[in-house]
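Required output: the full structure, derived from the provided sequences and hints.
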Amino acid sequence: PRIIPYGDLKISPAASSLHYGLEAFEGMKAYKGVDGKIRLFRPELNVQRLNQGLARLYMQPVDEKAFIALLKKLVLLEKDWIPEGEGFSLYLRPTAISTTETLGVTAASKVKIFCICSPCGPYYQEGFKPVKLLADTEHVRAWPGGMGNKKFGGNYAPGIAPQALAAKKGYQQVLWLFGENHVCTEVGAMNMFFFLKKKGEDAAYELCTSPLSRGDILPGVTRNSALALARGWGEFEVNEREVTMPEIVEAAKEGRLLEAFGTGTAAVVAPVKQIGYMGQDIFLPTGEEIGPVAKRLWDEITAIQYGKIKHPWGVVIG
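318 is the number that UniProt numbering gives the last residue of the sequence shown; the numbers go up by one with no jumps.
No wet-lab data here; the hints were simulated from the structure. Careful, some of the hints might be misleading.
[Claimed, not checked] The calculated lysine-lysine pairs, modelled on DSSO-like cross-linking and capped at a C-alpha distance of 27 Å, are:
1. Lys308 <-> Lys72
2. Lys112 <-> Lys10
3. Lys310 <-> Lys295
4. Lys112 <-> Lys65
Spelled out as structure tokens, the structure:
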């Protein structure tokens, strides 16, 4: 392994990653905490997910401990590029690409692994801005048995055109659906959560998100963290289950749809104010504000990332 200045890669135009999608990547961040210490957030989950993607592509896995050690060395070397202040971070993009020179569809015999870094600022520069979603009944992001639960480029490029179509209609993100029942899966490149009041029960509330069992949902690090934190509160049910758009429509009509939000590395939590579906719009009661559940998750996750509270998820590296 080498740490070298940022520059262009030199690979053959016959490299199979350019033709057949033989590549996997990760997205993670390094944070400069309120105590001046530098932290990674649950890096072992990112490396485990990278290895899961490599295995699906029939590539050799990385040594997880050694890979994290290399990431730490890179971050410490580039620590002056980590901006200070809440919302600021150094984005890390570990990537593995096949450099195998072949026009045949075959397993990679040569793989290049690299990581680039980029300083980034707050996702919300002027407070939370809830987004409008278009529930897409035409395009499908992923399906059981496919690659939707892996982080590789083939999952993202097909979403660009539907995203552009949604933007032309005045929506910021696409809510991806699956199957005849229009099961809600993900939003843009984020996991999707709903906070509902349960039907027929006076005081029962539920936070729910799609399960990983179908294999079409990315096992997001922020998703995992949100589920664990919410379960730790013990204040309402936290379920990984299928949620359909007809269920959301019904819950909205009955006043039981309380919050909707996405989770991911970039935004941590992205509140939703409106969902377009089958020619009609569903309006969240939170409006232009972030709901209390989403805000509490954002507060607790960022507190760990920036060292406001001590937690094993915040891995101090310097």
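Given pair status - Lys10, Lys112, alpha carbons within 27 Å:
Distance of about 11 Å is within 27 Å: holds.
Please work out if Lys310 and Lys295 have their alpha carbons no farther apart than 27 Å.
19 Å, holds
Take a quick look at whether Lys308 and Lys72 sit within 27 Å of each other, Cα to Cα.
Status holds; Cα separation ~21 Å.
Proposed proximity, Lys65 with Lys112 (alpha carbon, max 27 Å):
Measuring from Cα to Cα gives roughly 19 Å; hence the hint holds.
Violated hints for the displayed structure: none, as all numbered hints are satisfied.
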